[in-house]
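**Student:** These are the residues of each chain, in order.
Number of protein chains: 2
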Amino acid sequence: MSTTPQNRYKADVRETKFLLFEQFPIEPLLGKAPFEAWGRDECSMVLDESYKWCCDVVGPLNAVGDREGCSIVDGRVKTPTGFKDAWASLFQAGWKGLAAAPEYDGQGAPYSLTCAVEEFLCGSNPAFNMYPGLAQGAAEVIAHFGTKKQKDLYVRRMIHGTWGGTMCLTEPHAGSDVGSARTSAKRLGDGKYAISGTKIYISGGDNDFTENVVHLVLARVEGAPPGTKGLSLFIVPRVRVNEEAALGELNDVAVASLEHKMGINGNATCVLNFGEDGNCIGELVGEAENVGIQQMFMMMNTARIGVGIQGVSVAGAAFLAALDYAKDRKQGASMLNWKDATAPRVAIIEHADIRRMLMEMKARSEGPRALVAKLAYHSDNVRALKGKDDQAAAYHQGQVDLLVPLVKAYSTDQAFKVCELAIQTFGGAGFVKDYPVEQYCRDSKIFSIYEGTNHIQAMDLVGRKLPQNGGANLQAFLGDIARFIAENESHEKLGALVKELAVAHEAVAGVAMRLLGWFQSGRMQLVPLAANRVLEMMSELCCTWLLCAGARIAVDALQKLPKGEDTQAERSFYEGKLHVATYAVHNILPHAKLTAEILGREDTSALDIPAQAFASI
Amino acid sequence: MSTTPQNRYKADVRETKFLLFEQFPIEPLLGKAPFEAWGRDECSMVLDESYKWCCDVVGPLNAVGDREGCSIVDGRVKTPTGFKDAWASLFQAGWKGLAAAPEYDGQGAPYSLTCAVEEFLCGSNPAFNMYPGLAQGAAEVIAHFGTKKQKDLYVRRMIHGTWGGTMCLTEPHAGSDVGSARTSAKRLGDGKYAISGTKIYISGGDNDFTENVVHLVLARVEGAPPGTKGLSLFIVPRVRVNEEAALGELNDVAVASLEHKMGINGNATCVLNFGEDGNCIGELVGEAENVGIQQMFMMMNTARIGVGIQGVSVAGAAFLAALDYAKDRKQGASMLNWKDATAPRVAIIEHADIRRMLMEMKARSEGPRALVAKLAYHSDNVRALKGKDDQAAAYHQGQVDLLVPLVKAYSTDQAFKVCELAIQTFGGAGFVKDYPVEQYCRDSKIFSIYEGTNHIQAMDLVGRKLPQNGGANLQAFLGDIARFIAENESHEKLGALVKELAVAHEAVAGVAMRLLGWFQSGRMQLVPLAANRVLEMMSELCCTWLLCAGARIAVDALQKLPKGEDTQAERSFYEGKLHVATYAVHNILPHAKLTAEILGREDTSALDIPAQAFASI
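Taken in sequence, the protein lines are chains A and B.
When we follow our numbering, the leftmost residue of the first sequence carries the number 2, and every step to the right adds one.
When we follow our numbering, the leftmost residue of the second sequence carries the number 2, and every step to the right adds one.
Hints are supplied without guarantee of correctness; some may be wrong.
Covered by chain A, per the in silico footprint, the following chain B stretches (three or more residues, Cβ under 8 Å) [to be verified]:
id	stretch
1	254-263
2	579-593
Just so you have them, the derived chain A footprint on chain B, three or more residues with Cβ under 8 Å [as the list claims (entries may be wrong)]:
id	stretch
3	35-49
4	53-65
5	139-149
6	226-238
7	354-368
8	390-396
9	426-440
Read the hints as simulated data drawn from the structure, not as lab findings.
The C-beta atom is built at its ideal place from N, Cα and C for all residues, glycine as well.
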């Protein structure tokens, strides 16, 4: 559990700055509304400082949290050693106030910057970062939908770490099927409600560093319709508060138990009982009943991007840990001397298969990172353009909507794959707890499940996002790629790569038409059968495009850079961009076309097989 | 940790019997030398009884072993609760004596049967089963290479559980590069040697259920050449024994520490110090120095098949756990009623994406299981034919040799993938320790690493096994598939599937030629870069072929089965064989052709990128 150089958290800040300043340039948006207070230097300083803070403060607690886990002491959650101090340090440093609006004493930073900082926070300690992350997400819901009183009472305290927060959706029988929730809310006549029910898998469901925890609870008011349309969202603080924010008596919210999990052990995943003694009081977020699911979805959307960032962050950390090890660990002779038992041992990064795995990891972490950066870029443009150029803002919003399921699902699937490769790069050392990669792998497995399983993301993509605005989002997306291809297919260095993009582009467009055909011909069952693969191939196209676009920038930058020792690091960085794009085009992108071919077979064996024929048990 | 129905170990014994009696029929070999004592009924009874024993005795200890782990008490390893009794029960039941030769009071069972029983033993508790598995492997080495005295002294005791055994190869700086081992052996003049050195990652390196542990230790005799050619193999018992097997004084073998691992926590992975006090005595296995690596390789070969079986077994257990859960867990309405919030909730096996995952798991566990059965079938034929029809025996031995790396690497990679899918099928429940799949996933990760990483398997395949016997093994392998295609491509029900096999067959043959070209043109570095992918595509071809061959048998069986309630289970089983072959052909097999296309690009970006360009850290 010691922080040796080899298990210290690492991120590639140069890569982050490349995305923020070169590939998705934030600078044109800075220094004016809504980012008046921000310039390039401020952004750059925040990146450097927040990275340093993560390395120093929460990074060393990542293994501690994993080994100690959480426990229940006297009905309260006890978090791992150091978490309480880290919480205080976090809010002193101000990293969680970056995104918040100035009216809540936040810094109103661009989302692009916030997402970059989130990568460091998540990557250095995903279990810890979920506590403030969920508090902030809950605060945003209240800030958006709450009454003035609620905003004044809750938001600032939750954003600045005085109070925690959670989102309470899942029940034992209602997971993906959130509309089956049975937690009930009974009108008390004074505008308040008596809440009763059990919620499970509540991340950060309690803690020992905030004086209060504000739960946002989905519940059904007596007489409300069935399904999601009858759900309302309630503010249910652990400790009751009056309008002056003074803490009162306890609110009949009990931590019934903690889950024992594969990973993210530092985060308390709670079973929460609301109203066991009939004395749990909640109030609606805002004033309307039966709009809970829409309200929750605002938080879910941000949370889904957050989970995608978790994926990118852990993938990045695993890749860099493996890279570090591969440069350090000596094993075997060079392939060129393999018959000579006395040949010098070389660092394993000299071995071709290790290089293949490193390239896989580089491509599968940098691609999704660029995907997140692209989403954040569109989001910042929405804010900058809204009310000024609504058509442009709508385009950007459409891309955000389209990319959310890709960011959530593809990034997290890649994270698990990258962790698997990182372990394999370490060999036996990857399996033991002296090195961080086995924990990265365990932690990352939940990312594909929570905040909507990756299949739910895929269904969101094919069922909602592709047809959204009459297909305009998809058309704009494909149009952007087509334009890049047209502009670069004759490029001296990149033309051959760019032409390959066209193949995958055609494959994705074809599959979109095929999906439409299935909807129109009533072959609905083929849609969920294909959905995950559609999401994957679209993501492969998008990520490889973004890596090629990065390579395009790198080529120009290399031409401008004078040769010499002091530019060597920069040259290496840009060369890496060229190589990773080449690798992705030749080794990952071809899979998209194959997927189109497979989906074209319309194989229904998985639907046709009788349930009892899967196995004789 | 309780054994609820949902975390009870399960295997599909019907499937095992299909492989043993229908697809790779053992019966023609039974009732005559070398399997005089065996008939179909005996085999069948052993399958039923050993499965029952695994479910009852070691299955319930799988989670116990994971949660408790091992510890060191007074210098000895303490194993988890119940392991000691299970050890006694195992040797009373006799499952580990199945394979052993009658001269050691073994039952001389066919390897096909032994492998099937090993699946139950591994699947129900991989961590436990490694203790007797390693003892048996070590015993086989002594039985094969030892002097008469050594055989008399050690083998029977190790096979029947009186003494344990280990294999000690790895050192801190010598993992995959076993030839770098520094553990030394100094001649003492009396035929004995003083052993000195540290070995790490020693599975089952000590235990608390045997009075002695016989370590097989690779060490270098003073003055021996460098590399693997200077390694000798030594018998180093934990407690010294005289020729009458009486236990004497301790032998200066110390358990220095235990590894803390991602999984297989019930197995003690030890750091062993030999000769810290200069008093560790060993004797050569047999009488020759510097042949240790060949001796160890005999054990390694069996152990590699054993690890492949571990992969199949854990994949099978994970698949069946997920299947069970999918039949039981209700969530959401049918796709056909998705807009009706009051529609009845259905078992998740009704949902298309769950079915897709179940089919993936079925194909990726049954394919490798058939691969193991094929290997075992060839192995039994070698034993049956040797000395009678040496040409036929050579063919069978060639197929064994060719299949070992496929069984080891492909099965274990699939196991991790199947476990990932099993977790996803469970959703949130898959991430918590109330269900067994997260442990299956953690346990399975080591399979791709130990007994030679999967890349070492891939290099064994492309560097040794493909060119072996002038390429005859590969030609025979491809010839067998070509014959199956020719015989079935016009089959009414399967013809279309079989034709697809031809595409992958051509792809594999083409890649084999390409490899040859790389060797001949000195483009050696492309070989390791491609090796893992070559192994994967060959395995995809082989497994899909075997699933199609199973479907061919199923079609005939279905025609003969009368309809009716009492044959329904059998009909379902055979229908499952048809569906899984269809699924594999359309969803897995196409990947082989893609891989050939990718390898044809001869992309060298992973080799070209300078080490410092991977990332700016």
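**Student:** All hints are to be evaluated individually against the structure, with a verdict given for each.
**Tutor:** Structure-based check of each hint:
{"no.": "1", "hint": "254-263", "in the structure": "holds (count 4)"}
{"no.": "2", "hint": "579-593", "in the structure": "holds (count 8)"}
{"no.": "3", "hint": "35-49", "in the structure": "violated (count 0)"}
{"no.": "4", "hint": "53-65", "in the structure": "violated (count 0)"}
{"no.": "5", "hint": "139-149", "in the structure": "violated (count 0)"}
{"no.": "6", "hint": "226-238", "in the structure": "holds (count 6)"}
{"no.": "7", "hint": "354-368", "in the structure": "holds (count 6)"}
{"no.": "8", "hint": "390-396", "in the structure": "violated (count 0)"}
{"no.": "9", "hint": "426-440", "in the structure": "holds (count 8)"}
Hint check: violations occur at hints 3, 4, 5 and 8; the rest are consistent with the structure.
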